[in-house]
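Peer 1: Protein chains in written order, with my numbering: chain A, 1 to 240; chain B, 241 to 364.
It is worth saying that the hints were derived from the structure and are not from the lab.
A couple of the hints might just be wrong.
[What the hints assert, rightly or not] Covered stretches of chain A, as calculated for chain B (at least 3 residues, CB under 8 angstroms):
1. 8-16
2. 82-91
[To be verified] Interface residues of chain A toward chain B, partial, derived using beta-carbon atoms under 10 angstroms:
3. Thr21
4. Gly126
5. Ser139
6. Gly217
7. Leu234
8. Leu237
[What the hints assert, rightly or not] Restraint ranges, calculated between C-beta atoms of paired labels, are given here:
9. B:Thr246 x A:Trp176: 12 to 22 angstroms
10. A:Leu12 x B:Val278: 24 to 34 angstroms
11. B:Glu288 x A:Gln151: 18 to 28 angstroms
12. A:Leu24 x B:Met241: 15 to 25 angstroms
13. A:Glu210 x B:Arg283: 31 to 41 angstroms
Just so we're clear, the structure is a prediction, and the values are computed from it rather than from any experiment.
Cβ coordinates follow ideal geometry from the N, Cα and C atoms, glycine included.
The lines below spell out each chain.
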Amino acid sequence: MSPDFHEIWVYLSASPLAGLTLTLVAYQAGMWVFERFGRRPALNPVMIAVLLIAATLMVAGIDYRTYFDGAQFVHFLLGPATVALAVPLYRQFQQVRRSAVALLVALLTGSAASALSAVAIAWALGASERTMLSLAPKSVTSPIAMGVSEQIGGLPSLTAVFVILTGIIAASFGSWVLNLVRVTDWRARGFGLGVAAHGIGTARALQVNEVAGAFAGLGMGLNGLVTAILLPVLYRLFFT
Amino acid sequence: MLGTLTLLLSCQLAGELTARLLHLPVPGPVLGMVLLFVGLLVRGGVPEPLQETAGGILRHLSLLFVPAGVGVMAHLNRLEAEALPIAAALLGSTLIGVALTAWVMSILSRRSPDAESGNGEDVP
Numbered sequence: 001m002s003p004d005f006h007e008i009w010v011y012l013s014a015s016p017l018a019g020l021t022l023t024l025v026a027y028q029a030g031m032w033v034f035e036r037f038g039r040r041p042a043l044n045p046v047m048i049a050v051l052l053i054a055a056t057l058m059v060a061g062i063d064y065r066t067y068f069d070g071a072q073f074v075h076f077l078l079g080p081a082t083v084a085l086a087v088p089l090y091r092q093f094q095q096v097r098r099s100a101v102a103l104l105v106a107l108l109t110g111s112a113a114s115a116l117s118a119v120a121i122a123w124a125l126g127a128s129e130r131t132m133l134s135l136a137p138k139s140v141t142s143p144i145a146m147g148v149s150e151q152i153g154g155l156p157s158l159t160a161v162f163v164i165l166t167g168i169i170a171a172s173f174g175s176w177v178l179n180l181v182r183v184t185d186w187r188a189r190g191f192g193l194g195v196a197a198h199g200i201g202t203a204r205a206l207q208v209n210e211v212a213g214a215f216a217g218l219g220m221g222l223n224g225l226v227t228a229i230l231l232p233v234l235y236r237l238f239f240t
Numbered sequence: 241m242l243g244t245l246t247l248l249l250s251c252q253l254a255g256e257l258t259a260r261l262l263h264l265p266v267p268g269p270v271l272g273m274v275l276l277f278v279g280l281l282v283r284g285g286v287p288e289p290l291q292e293t294a295g296g297i298l299r300h301l302s303l304l305f306v307p308a309g310v311g312v313m314a315h316l317n318r319l320e321a322e323a324l325p326i327a328a329a330l331l332g333s334t335l336i337g338v339a340l341t342a343w344v345m346s347i348l349s350r351r352s353p354d355a356e357s358g359n360g361e362d363v364p
């Protein structure tokens with residue numbers, strides 16, 4: 001390596017610019033693949049981007065923390081984006097009000113089922129307690145899930161990974177399982193994706209249909225509330 | 241664009257402050273969403289710039305999850321050691337969650353007259 005090149009390398013691997021640029025480039029590569037091969041849900045752009053970035057970082061010998069110094073600018077936008085979900089929600093408010101009871105019952109059922117089935121399956125297959133506790137809040141958006149995870153004794157950063165994987169699974173196989181149980185109502189399809197798979201499920205629903213997207217955003221927000229309140233209580237019931 | 245971004249951040253900030261001051265277990269951005277929603281109800285409509293910016297951000301919502309997703313790197317050991325329970329739990333619970341939520345919702349709302357048609361939206 002010539003001295004010049006070495007200097008540039010040191011600058012790049014330490015500067016937030018590289019992590020940020022890498023994130024945007026990898027995501028657009030993911031989108032390109034997704035579009036190019038007929039928008040197949042299994043080719044989820046988030047998954048492709050994550051794999052590309054992780055591979056790049058490992059090859060270049062850059063650790064996650066250094067990468068995140070740059071990527072946190074993208075990560076930060078999750079907050080304002082969550083706030084922005086009020087817009088599709090408002091536009092569908094009439095429909096939301098009409099189905100308030102159905103929404104509430106579905107929300108409580110879905111929220112409890114997601115968390116309990118995750119813990120139960122992990123327990124049955126011999127997962128460690130740490131892993132089980134980190135799995136419990138994985139259906140809600142990462143800032144909430146990480147907070148809850150910390151509260152109940154899980155590992156917040158592991159929970160963040162489970163959150164993303166949950167989203168990718170729902171975006172990839174959600175339509176399939178919804179067809180399997182023969183739900184055709186866009187409101188219900190969107191709500192299911194939002195409750196069980198937060199923002200990535202919502203992003204998927206928004207790609208397909210605006211009504212589904214609005215109900216997904218609603219489901220994501222409501223399940224965030226329910227999980228933040230309910231899980232710590234359930235934890236005290238079961239684990240202490 | 242700038243005004244809207246300021247509005248979104250202000251709502252989030254107000255949400256964060258409320259959550260902390262009142263010791264609510266709810267995350268700030270979710271309260272911010274509620275706040276903006278109430279604001280839109282009071283105003284009785286979505287201003288054009290807000291519609292545009294919000295639409296722009298939400299179109300690329302999934303991008304925002306990429307940095308946290310790369311965190312998978314930091315947990316490879318545990319993921320490898322407990323691969324089967326983790327994979328089964330994530331796959332099973334996610335599909336159960338999506339299907340059950342949507343199914344309960346569709347069963348319960350079928351009783352209302354315009355449930356299936358979603359107000360004239362086309363349903364497959």
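Peer 1: Does A:Gly217 meet its interface restraint, that is, does its C-beta lie within less than 10 angstroms of any C-beta in chain B?
Peer 2: Holds. Min distance 8 angstroms.
Peer 1: If you take the shortest Cβ to Cβ gap from A:Ser139 to chain B, is it below 10 angstroms?
Peer 2: OK, holds: A:Ser139 within 10 angstroms of chain B, min 6 angstroms.
Peer 1: I want to verify a distance hint. Is the separation of the beta carbons of B:Glu288 and A:Gln151 within 18 to 28 angstroms?
Peer 2: violated (41 angstroms)
Peer 1: Holds or violated: 31 to 41 angstroms for the Cβ distance of A:Glu210 and B:Arg283?
Peer 2: violated (21 angstroms)
Peer 1: With a cut-off of 10 angstroms, does the beta carbon of A:Thr21 approach a beta carbon of chain B closely enough for the hint to hold?
Peer 2: Violated, because the Cβ-Cβ distance from A:Thr21 to chain B comes to roughly 13 angstroms (cut-off 10 angstroms).
Peer 1: Quick one, is the A:Leu234 hint okay against chain B at 10 angstroms, beta carbons?
Peer 2: violated (13 angstroms)
Peer 1: Less than 10 angstroms between beta-carbons is the criterion; does A:Leu237 satisfy it with respect to chain B?
Peer 2: violated (16 angstroms)
Peer 1: Counting residues of the segment 82-91 of chain A with a beta carbon closer than 8 angstroms to any beta carbon of chain B, are there 3 or more?
Peer 2: holds (count 10)
Peer 1: Mind checking the hinted window 15 to 25 angstroms against the Cβ distance between A:Leu24 and B:Met241?
Peer 2: holds (18 angstroms)
Peer 1: For the hint 12 to 22 angstroms, verify it against the beta carbon of B:Thr246 and that of A:Trp176.
Peer 2: About 41 angstroms separates the Cβ atoms of B:Thr246 and A:Trp176, which means 12 to 22 angstroms is violated.
Peer 1: Checking C-beta pairs, does the segment 8-16 of chain A have three or more residues closer than 8 angstroms to chain B?
Peer 2: This one is violated; 0 residues, fewer than the three required, reach chain B with a Cβ under 8 angstroms.
Peer 1: Lying within 24 to 34 angstroms: is that true of the beta-carbon distance A:Leu12 to B:Val278?
Peer 2: Violated: the Cβ-Cβ distance is about 46 angstroms, outside 24 to 34 angstroms.
When held up to the earlier numbered hints, the structure conflicts with 1, 3, 7, 8, 9, 10, 11, 13 and fits the remainder.
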